[in-house]
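Letter by letter, the chains look like this.
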Amino acid sequence: MTNMDPKGLTRQPPKRLHAETQAVYPRAVDGRFRRLKWAVMTFCLAVYYITPWLRWHRGPYSPDQAVLIDLEHRRFYMFAIEIWPQEFYFVAGLLIMAGIGLFLVTSAVGRAWCGYACPQTVWTDLFQHVDRLIDGDRNAQMKLAKAPWGPGKIVRRLGKWSIYLLISISTGGAWIFYFADAPTLAREFVTLQAPSIAYSTVFVLTVTTMWFGGFMREQVCIYMCPWPRIQSAMLDEKSLLVTYKDWRGEPRGKKSPTGAPLGDCIDCGLCAAVCPTGIDIREGPQIGCITCALCIDACDGVMAKTGRPRGLIDYVTLEDSAREKQGQSATPHWKLIWHARTLIYLGIWSAIGAALLFALGTRQHISIAVSKDRNPPYMILSSGEIRNAYAVRWKNMEGRPRKMQLVLDGPAGAKMWSEDMAKDMAARDLTRIIPADTTSPLRIYVTAPAGTAEGKLSFTLRALDQDGGQVSYDTRFDAPGAE
Amino acid sequence: MSAPENNETGPRIDEPTGTATMGHEWDGIEELNTPLPTWWLYTFYACIVFAIGYCVVYPAIPGIKEGSHGTFGWTSRGQLASEMDAAKAARAPVLAALDATPIEDLPKNPELLAKAVAGGKAAFKVNCVPCHGSGAAGSIGYPNLNDDDWLWGGTLTDIQTTLEHGIRQPGDAATRTSMMPSFGRDGILKPADVQDVVSYVRQISGQEPGNASAQRGAALFAANCVACHNPDGKGNRMFGAPNLTDKVWLYGGSRTAIAETVTNAHAGVMPAWGNRLSPATIKMLAAYVHSLGGGEAFAAPAAPAADAASTGQ
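From first to last, the protein sequence lines are chains H and E.
Residue 8 is where the first sequence starts when you use our numbering, and the numbers rise one by one after that.
Residue 2 is where the second sequence starts when you use our numbering, and the numbers rise one by one after that.
These are calculated hints, taken from the structure and not from any lab test.
Where a beta carbon is used, it is the ideal one built from N, C-alpha and C, also for glycine.
Be aware that a few hints might be false.
[Stated by the list, open to error] Beyond 10 Å from chain H on every Cβ pair, some chain E residues (computed):
{"#": "1", "residue": "Lys66"}
{"#": "2", "residue": "Asn147"}
{"#": "3", "residue": "Phe222"}
{"#": "4", "residue": "Lys248"}
{"#": "5", "residue": "Val249"}
{"#": "6", "residue": "Gly295"}
{"#": "7", "residue": "Phe299"}
[As the list claims (entries may be wrong)] Quick list of in silico lysine-lysine cross-link-like pairs, DSS-like style, CA-CA up to 30 Å:
{"#": "8", "chain 1": "H", "residue 1": "Lys422", "chain 2": "E", "residue 2": "Lys191"}
{"#": "9", "chain 1": "H", "residue 1": "Lys379", "chain 2": "E", "residue 2": "Lys191"}
{"#": "10", "chain 1": "H", "residue 1": "Lys150", "chain 2": "H", "residue 2": "Lys261"}
{"#": "11", "chain 1": "H", "residue 1": "Lys245", "chain 2": "H", "residue 2": "Lys150"}
{"#": "12", "chain 1": "H", "residue 1": "Lys430", "chain 2": "E", "residue 2": "Lys66"}
{"#": "13", "chain 1": "H", "residue 1": "Lys422", "chain 2": "E", "residue 2": "Lys109"}
{"#": "14", "chain 1": "H", "residue 1": "Lys312", "chain 2": "H", "residue 2": "Lys261"}
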């Protein structure tokens, strides 16, 4: 194998497909973005934990939980909105809005979702604070990690993991309250009377929270999550990024060995030390940067101490960074948003939102479904009349009983009666009171005089109270053909 | 891992990958030693252990006459049996309630009635469909159960009796029975007389206008048929004699069909289901047939939820 590989390709250093996990010990930092992060984190956690406990009175027939996904009864409640399974397109619309909303946010403010609001970020942040609480800041954590196992380390690790576990259990525990009446389920849960699915859900979410938030952390963002990949396809020179202004910082150093002038970066490494994903922002935009801006806080502190203007690392677009380099001023942030792509996303997002609101506002709260008997398609009665049968489902989608009228529109002389009444009461319309939030099936018989030809027939369901509303269903009337 | 020089004793380290080779080569092709990940290997061992355990506790090993039984004693038949027992146990309260309720009281208990109708629907599919059709619409000679024409009565009790004792079943004392004479075949009526009777029957059922033949037929009808079919031709359920004035014809209402009936007569039969089905099943079947739209003696369910008020015209 002397000259099998003249270019020496196989002699190149092996490309490892596997990178060893580098533990990240982010240093504590304070600053305006850190405070914003605290605020967003508090808000997100508060929404998550408090929402299921909010009450919303819906009358005696419906649950009083403001947000409830009632899988057992196939109902989804969100404050004043109640959604039935066949209206699931509202939820689909919300999910589409959430997706396009992420595009919109990315286009307007870059990876703000990753940096502040993503649950992975929020919980990782929480767990990292636990690390600092138990083990101390970055250096102490690194020292403890290297230290041999001893009583002190065991106690600290057990303490830390217990807190992890506590947070994880309460995270998983809060999730189930969205699916059942929270106070009832909480009581059942602690007295071990809750359905087994509640316990298994809490177990799975506890494990995943502990694993993702306590141990995998930035690995989830860098290797598992598809979103950074999608985002890197959407980011361009006009996107708001956390940018190290290399034209200002380089050449970096504490003291120039040759006496040549140095940039503003004193190479203290603080920006990398505070990074929760363990990257060095000075290497340029990269997939590991979730734009949490903690490095901006760190660098601003250093700049203040060294008497230099803030913003060596800053939220700035690559385009503006180049412009600042030439001495021009950066585009104001509000102007960045005024940009075709952002406006188009905003337009699509708002259009879907408006369409959903419109559909929500104008939707009928009654509904009718008819299925005609096909076996037999028609029936001759002893009087010679022709009878067809229909299964009619009256739906009352409101949380109160409603009086409704079913009106027949069909062949001349046709009359209907239902399985719960006598035939001699047959009429062109029937009135029933449909219980709250119920689909009421009723078998309807329609007779038409002998000799009636087959043709169209429709049922109209009308709510008789003052809110009104009506829906129709077209079907057919079968009759023997001419002999 | 540093790349040591090839030596005589140990396996060669492949330079580009830094991985040891297996130490053998064929025409210059070598194999890298990349063992399975430990976790994978132990999962594999665990699977083997599990499989051995599985083979011991479940039927797994085939034999000449029969396979191994397994220490758990599980069989698919046994599983089916226990599931069937569970289903039977779940049905037991309904069946007990049905046994305890006389059929005429069923409408007073709408919940039980609904269960009876549902059960009857299933039992109908198993027992009744071959003759009466899957939609209970019958065919020539087999009554349509959806309509409002009943040979032997259409109340719940009537239907139950018909089901239990059958029609013209020898050996059942209470069976529904009657025998229409074969007027033509036995020479009671001459063929021309048969045609006259047919004309009359077609007249009273509104299929033909009256004529001389029908007038002669009226006299023959009065002499031969009124005992069962009544002077007005509306039949008599005591004998299962059909109403001849309505539009429902079990054997057809054409001249030919009626002439055939008068000449040879028909005597349809139905099994006495009391011999084959439990009383509760018969009640369920009766409730189902009664619910098909032609049931007589309708009683509005007592449920408060069903507000039966119609606004009328």
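We went through each hint and held it up to the structure:
Listed as a non-interface residue, lysine 66 (chain E) keeps its Cβ farther than 10 Å from every Cβ of chain H; the least gap is roughly 42 Å. With a closest Cβ-Cβ approach of about 5 Å to chain H, asparagine 147 (chain E) is found to fall inside the 10 Å limit, against its non-interface label. For phenylalanine 222 (chain E), the condition that its CB be more than 10 Å from all CB atoms of chain H holds, with the nearest at approximately 19 Å. Interface exclusion of lysine 248 (chain E) from chain H breaks down, the closest Cβ pair being 4 Å apart, not more than 10 Å.
Its closest Cβ contact with chain H, about 5 Å, brings valine 249 (chain E) to no more than 10 Å, contrary to its assignment away from the interface. Separation of glycine 295 (chain E) from chain H is inadequate, the least Cβ-Cβ distance of about 8 Å not exceeding the 10 Å criterion. Distance to chain H contradicts phenylalanine 299 (chain E) as a non-interface residue, since its nearest Cβ pair spans about 5 Å, not more than 10 Å. For a cut-off of 30 Å, the pair hint linking lysine 422 (chain H) to lysine 191 (chain E) is broken: about 46 Å separates their Cα positions.
Pair hint lysine 379 (chain H) plus lysine 191 (chain E) does not hold up; C-alpha atoms about 48 Å apart against a cutoff of 30 Å. At most 30 Å may separate the alpha-carbon atoms for a hinted pair to count; lysine 150 (chain H) and lysine 261 (chain H) meet this at roughly 26 Å. For the proposed pair lysine 245 (chain H) and lysine 150 (chain H), the alpha carbon gap of about 42 Å is over 30 Å, so the pair is violated. Proximity of lysine 430 (chain H) to lysine 66 (chain E) is assessed by CA-CA distance (about 65 Å); at most 30 Å being required, the pair is judged violated.
Of the pairs offered as hints, the one joining lysine 422 (chain H) and lysine 109 (chain E) holds, with about 27 Å between alpha carbons and a cut-off of 30 Å not exceeded. Simply put, lysine 312 (chain H) and lysine 261 (chain H) have alpha-carbon atoms about 14 Å apart, close enough for the 30 Å limit, and the pair holds.
Consistency with the previously given hints fails for numbers 2, 4, 5, 6, 7, 8, 9, 11 and 12, ordered from lowest to highest.
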